[in-house]
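Asker: Residues per chain are reported as follows:
Number of protein chains: 6
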Amino acid sequence: MDFSHLDSEGRARMVDVSGKPVVRRVAEAGGSILVGSKVITALRERSLKKGDPLSAARIAGIMAAKKTGELIPLCHPLPLDHISLEFQVKEDRIDITARAVTSARTGVEMEALTAVSVAALTIYDMCKAVSHDMTIENIRLISKRKQQDR
Amino acid sequence: MDFSHLDSEGRARMVDVSGKPVVRRVAEAGGSILVGSKVITALRERSLKKGDPLSAARIAGIMAAKKTGELIPLCHPLPLDHISLEFQVKEDRIDITARAVTSARTGVEMEALTAVSVAALTIYDMCKAVSHDMTIENIRLISKRKQQDR
Amino acid sequence: MDFSHLDSEGRARMVDVSGKPVVRRVAEAGGSILVGSKVITALRERSLKKGDPLSAARIAGIMAAKKTGELIPLCHPLPLDHISLEFQVKEDRIDITARAVTSARTGVEMEALTAVSVAALTIYDMCKAVSHDMTIENIRLISKRKQQDR
Amino acid sequence: MDFSHLDSEGRARMVDVSGKPVVRRVAEAGGSILVGSKVITALRERSLKKGDPLSAARIAGIMAAKKTGELIPLCHPLPLDHISLEFQVKEDRIDITARAVTSARTGVEMEALTAVSVAALTIYDMCKAVSHDMTIENIRLISKRKQQDR
Amino acid sequence: MDFSHLDSEGRARMVDVSGKPVVRRVAEAGGSILVGSKVITALRERSLKKGDPLSAARIAGIMAAKKTGELIPLCHPLPLDHISLEFQVKEDRIDITARAVTSARTGVEMEALTAVSVAALTIYDMCKAVSHDMTIENIRLISKRKQQDR
Amino acid sequence: MDFSHLDSEGRARMVDVSGKPVVRRVAEAGGSILVGSKVITALRERSLKKGDPLSAARIAGIMAAKKTGELIPLCHPLPLDHISLEFQVKEDRIDITARAVTSARTGVEMEALTAVSVAALTIYDMCKAVSHDMTIENIRLISKRKQQDR
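Chains as they are written, first to last, in this note's numbering: chain A, 1 to 150; chain B, 1001 to 1150; chain C, 2001 to 2150; chain D, 3001 to 3150; chain E, 4001 to 4150; chain F, 5001 to 5150.
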């Protein structure tokens, strides 16, 4: 059982990954924001108009993924090769998934999780004039993998 | 039913708050990260040593609160007067609360919610060498209020 | 004739505004990106679909306005009360206007100009897969004023 | 005709470049700020003194180039290998060129364009105490190329 | 004896200043970088030419002062009203002073100290091609005061 | 004698490193903050309690190292592979060392020096409620090396 971000004295550090190879790495994360049916109805009406209210959340998630290394203290800065977010508008909630790809010495799951979290916070911010009765739930890693031989 | 962040054409904007008074505003937000009992046991052992593994998460949450206006597109930049985070280590999870105070023309709940979210992500990052079987749950506003007459 | 950002020796500094009153200030700026008719046609087709391609530029402009003090060395950091952007899609170009409001000791024109510039750069970035034959033109202040008695 | 930053549904995303090779890439961009002859005269007088008033604009452009991926939502973060700016002081305007070099999977033109834009905004900011009668014009890509075999 | 940034349990927090009045506050800080006489000679030669090599350090210090709240975890974000830096080129070193002014609920000394530190680091960076035999010394607060009745 | 950050005209630029190989590079830097024996006594008492007061300084130094390219104008942005800080609490001062590793085209000493500087400023900020009689001293490079054949 080991916390690699802590040294043998329990002190925080950014783990040395310089000995690891640069590999293509992919991660997917998901999460939901429960907004209630009133907000969903309002959102659906908006979607029929010109401005898609989820656009701001998508852009916010993409930009936050690029800031992950700045937000999470012990996270390595990564050159993101790709980031995208999907939203599924359900009866009483919005499901969010993010997919991140990098070519780096360490994995990209924190970038995917950060994208989902900030997209959810952005939806919260945009809907809070309608209701504060919202919760962000089930933020989790869906998958991660690396592809050595490309 | 209205999304104040969207104008009548559905276009995103930052709402004009210049007509509102500067008021002391307080918000509290909460959330949890389910980490499983193995991680909790490891964390508790660490706590007996010198480095408190939750310190990094606390600092990350405080610093993220100061970045809220930079992360959430339509959020007003606020001069934070105070931000603090509390962690409660339970059997299988860590409960996080954050309290934010500002003297501003608009509320401070997004700062409290962002602090909780980034603290949870930081715990995720520090524990993921032990297990990826974690979820962030129940991020929500606990309370908000303003104090006109000070 | 005076450059207030330079002292009597010609050294850069941020002018001391602490003696000035906090006043509501409004500024409007404009600019255009000439993209050619092919890009305009492609943009118009996109607009009929779900994602409005100008949404990303609007969000980028709003977020850049909040970063103005970080980008322009001698610019005072300002608490933005409001920022919005408008786009007019013409035959061969997109006209951009931004409106910024603050309650501060100094004016908000750099914020409006920065919003227009970064929105134009974002449109450039999104359209450059179609053509590089684009220019950003006529970025200028349209108006600025302050309102003492509110 | 294709906007690579939008998927087939018109949703914004950061294009996946992980399949592309790391190549040395160079881009040059240009632009002008029309400041009028009064400002030019004042600038020339300053240049004879110790502080070169264009130094701040040069530094601002260099630092903005490093922030490009943070400003332009769908732009990949790039490790800049080089960035430089040149200014030519003409009768009524200042011409700006920027040259950016990277070793990356995607091009560096947005970095050069951002450097020019922010340098122009910085000149605007430093000269606006003299006059607001300025416009930023003709921001464009001058050249871009990649060098596979180094 | 008290660390106000730590609560009674020793946990980091940003102190609540919302009960304090907004007051004009001034701070001055100083520091030196010992660079040796070879670097000084080279710097003096440069100064006779067009580009003042200390300009970059001045701009870096000004911009860093604006980032203080982002760098120092428990530091309150402050709206800087003024920041300026002075350099004195001595026989074997450069003396740096910074002066910061704000209208805020808490003092501005960290901004002045950060400006000096980052200016010194920038000089280090620009001179390190000549020699690595440099040290940054004596970074300290020179004075701080507040002016209640303005 | 040459300042590589200045071109032949004395103009600042970011040196072109695109012709250099990607190599593992390590740098160590050190520095001290003289805080006096009263602060040291108070710090030691705190250390016996749960929260280690140096944790915030450690996290601040790590996060600042990742921001080096953003703070130092002509510094190349680097993908940090590792960063760690050590503190030694002496009778009247705290000695700080930082170690940074990258795989890049240019060295990592500015990252190590920035980590030390910001950690020292953070300690200053946390102790200034006890006393302002502190100075930051002797910030210097301890060692740097590159490892070609890994």
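Treat the hints with care, as some may be off.
[Unchecked claim] Here are the in silico distance ranges between beta carbons for each label pair:
1) 41(A) <-> 1147(B): 27 to 37 Å
2) 5019(F) <-> 8(A): 49 to 59 Å
3) 2089(C) <-> 3145(D): 23 to 33 Å
4) 1004(B) <-> 89(A): 39 to 49 Å
5) 3023(D) <-> 4129(E): 20 to 30 Å
6) 1036(B) <-> 22(A): 40 to 50 Å
7) 145(A) <-> 3023(D): 21 to 31 Å
8) 3038(D) <-> 4129(E): 31 to 41 Å
9) 90(A) <-> 2089(C): 41 to 51 Å
10) 3008(D) <-> 90(A): 34 to 44 Å
11) 1038(B) <-> 2089(C): 54 to 64 Å
12) 4146(E) <-> 5089(F): 53 to 63 Å
13) 4091(E) <-> 1095(B): 58 to 68 Å
[As the list claims (entries may be wrong)] Just so you have them, the derived chain F footprint on chain D, three or more residues with Cβ under 8 Å:
14) 3033 to 3044
15) 3060 to 3066
16) 3128 to 3134
Note that these hints are calculated values from the structure, not bench results.
It should be emphasised that the depicted structure is a prediction, and the values quoted were computed from it without experimental measurement.
Even glycine gets a Cβ: it sits at the ideal position worked out from N, Cα and C.
Asker: For every hint, state whether the structure bears it out.
Answerer: Each hint, compared with the structure:
| no. | hint | result |
| --- | --- | --- |
| 1 | 41(A) <-> 1147(B): 27 to 37 Å | 34 Å, holds |
| 2 | 5019(F) <-> 8(A): 49 to 59 Å | 41 Å, violated |
| 3 | 2089(C) <-> 3145(D): 23 to 33 Å | 32 Å, holds |
| 4 | 1004(B) <-> 89(A): 39 to 49 Å | 20 Å, violated |
| 5 | 3023(D) <-> 4129(E): 20 to 30 Å | 28 Å, holds |
| 6 | 1036(B) <-> 22(A): 40 to 50 Å | 32 Å, violated |
| 7 | 145(A) <-> 3023(D): 21 to 31 Å | 26 Å, holds |
| 8 | 3038(D) <-> 4129(E): 31 to 41 Å | 40 Å, holds |
| 9 | 90(A) <-> 2089(C): 41 to 51 Å | 34 Å, violated |
| 10 | 3008(D) <-> 90(A): 34 to 44 Å | 22 Å, violated |
| 11 | 1038(B) <-> 2089(C): 54 to 64 Å | 57 Å, holds |
| 12 | 4146(E) <-> 5089(F): 53 to 63 Å | 32 Å, violated |
| 13 | 4091(E) <-> 1095(B): 58 to 68 Å | 60 Å, holds |
| 14 | 3033 to 3044 | violated (count 0) |
| 15 | 3060 to 3066 | holds (count 3) |
| 16 | 3128 to 3134 | violated (count 0) |
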